[in-house]
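**Q** The listed protein sequences correspond, in order, to chains B and C. Take the first sequence: its letter number 11 is residue 11 in my numbering, and every next letter is one higher. Take the second sequence: its letter number 76 is residue 76 in my numbering, and every next letter is one higher.
Quick caveat, the hints were computed from the structure, so don't treat them as lab data. This one's a predicted model, so the numbers in the text were calculated from it and none came from an experiment. Warning: the hint list may mix true and false statements.
Sample of chain C residues facing chain B (criterion: CB under 10 Å; computed from the structure) [what the hints assert, rightly or not]:
| id | residue |
| --- | --- |
| 1 | L19 |
| 2 | G41 |
| 3 | W42 |
| 4 | P110 |
| 5 | Q135 |
| 6 | L161 |
| 7 | H162 |
| 8 | E166 |
| 9 | K183 |
What the simulated footprint calls covered on chain C by chain B, stretch by stretch (three residues with Cβ under 8 Å from a Cβ of chain B suffice, anywhere in the stretch; the number is not a length) [to be verified]:
| id | stretch |
| --- | --- |
| 10 | 11-17 |
| 11 | 61-68 |
| 12 | 136-150 |
Idealized CB from N, CA, C, for every residue including glycine.
Protein chains: 2
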Amino acid sequence: MSTSAKKRNFPLDQVRRHLEPGPIVLVSSRWRGNENIMVMGWHMILGFSPALFGCYIWEGNHSYAMLRQSRECVINIPTLDMLDAVVGIGNSSASSGINKFHEFGLTPEPALSVKAPLIRECYASFECRLVDDRQIDEYGLFIWEIVQAHVAANPKCPQTLHYRGEGEFVVPGSYVSRHSDFKPQNL
Amino acid sequence: MSTSAKKRNFPLDQVRRHLEPGPIVLVSSRWRGNENIMVMGWHMILGFSPALFGCYIWEGNHSYAMLRQSRECVINIPTLDMLDAVVGIGNSSASSGINKFHEFGLTPEPALSVKAPLIRECYASFECRLVDDRQIDEYGLFIWEIVQAHVAANPKCPQTLHYRGEGEFVVPGSYVSRHSDFKPQNL
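Isolated chain B, as found in the complex (with noise of 0.2 Å):
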């Protein structure tokens, strides 16, 4: 978890970078006071600029009123070396009682646009607003605007953790650029 200290502002119309190869996420929150995190596989970018991002969460979840109502989270992208307070994170309520940051060792830093934190220990962070909560009630789908972000110059190929259920994640073994094969329009 040394990536920390090196997130640096981020181009908002590049982060499918981050986000399109299809990560789980943690979502931090923040709401009359309460800070709150919540792992989340179901996610898509919807646009380039505005950096639009849409999500579902389950009203079951803890997160969802706190998103729901204060409008704001910040989306966190974890690597393969948090794996256990992945697992820990979405194995656990913050309706328990216990607070998400100090049981498993992460560490909130304030954000530049919105009040939920930054998780300093996953290598990216996208600050973002609720623009779109007609489709919450029908399919729990929240569209966001990212409006800040922030990620590391290194890991250049992040160890990120892709869900595929029953307790499995895919980890990246390799890139293949074929930037060479594409027409600059389909980039």
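Given chain B's structure and the hints, the job is docking chain C onto it.
**A** Chain C in isolation, oriented as in the chain B frame:
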């Protein structure tokens, strides 16, 4: 591309095991006698049962009108051995008159419940019907119900392709199980 003969019926409420990790997919369509394939990376699971799946499709894609009018598609998951075809499809358009199945050595196979074809060479194929078109105009967001699922028994750990923009793909290296650390209701 030897998994073609091995696809079997797969439980609809478990399709998240293949789509949640975030692979790019090949969307096959059929409308008025024409078949087409497009590459797509912006998608998410939206529900277990019914098995709901959301995806973004740009209106500039030749497939856009075919999908919107036929209200059907098949979502096929390619693997690393198909990278040439994936890059080729991503950099060509049916508007040029080419047949992408023929051009890229892929084999259409009849689906069970939709007219769009399965792609034989993909290890997994999910037949879909459009169930909600109300978010298309504003967000390009198609919401589908997966009505048939076909998945090969092997490979157990498919070398799916996860796109990160700029012509670069992430490929799975390892599968990590923490099944025993999960509460049953959280799997």
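**Q** Should the hint that C:Q135 touches chain B count as held when the rule is a Cβ pair under 10 Å?
**A** holds, 7 Å
**Q** Going by Cβ atoms only, is C:P110 closer than 10 Å to chain B?
**A** violated, 28 Å
**Q** Mind checking, does the stretch 11-17 of chain C have 3 or more residues with a CB under 8 Å from chain B?
**A** With 3 residues close enough to chain B, the hint holds.
**Q** Under 10 Å, Cβ to Cβ, is where C:H162 needs to be relative to chain B, so tell me if that hint holds or is violated.
**A** holds, 4 Å
**Q** Is the interface hint for C:E166 satisfied, with its Cβ closer than 10 Å to some Cβ of chain B?
**A** Holds. Min distance 5 Å.
**Q** Does C:L161 hold up as a contact with chain B if the rule is Cβ-Cβ below 10 Å?
**A** holds, 8 Å
**Q** Would the hint on C:G41 be counted as holding, given a Cβ-Cβ threshold of 10 Å to chain B?
**A** holds, 5 Å
**Q** Would you say the stretch 61-68 of chain C counts as covered by chain B, given the rule of at least 3 residues with C-beta under 8 Å?
**A** violated (count 0)
**Q** Under 10 Å is the threshold here; is the Cβ of C:L19 close enough to any Cβ of chain B for the hint to stand?
**A** Since the shortest Cβ distance to chain B is 9 Å, the answer is holds.
**Q** Measuring from the C-beta of C:W42 to each C-beta in chain B, is the shortest one below 10 Å?
**A** holds, 5 Å
**Q** Do at least three Cβ atoms from the stretch 136-150 of chain C come closer than 8 Å to Cβ atoms of chain B?
**A** holds (count 4)
**Q** So, C:K183 near chain B? Judge it on the closest CB pair being under 10 Å.
**A** Since chain B brings a Cβ to about 5 Å from C:K183, closer than 10 Å, the hint holds.
Going through the hint list in order, the structure does not satisfy hints 4 and 11.
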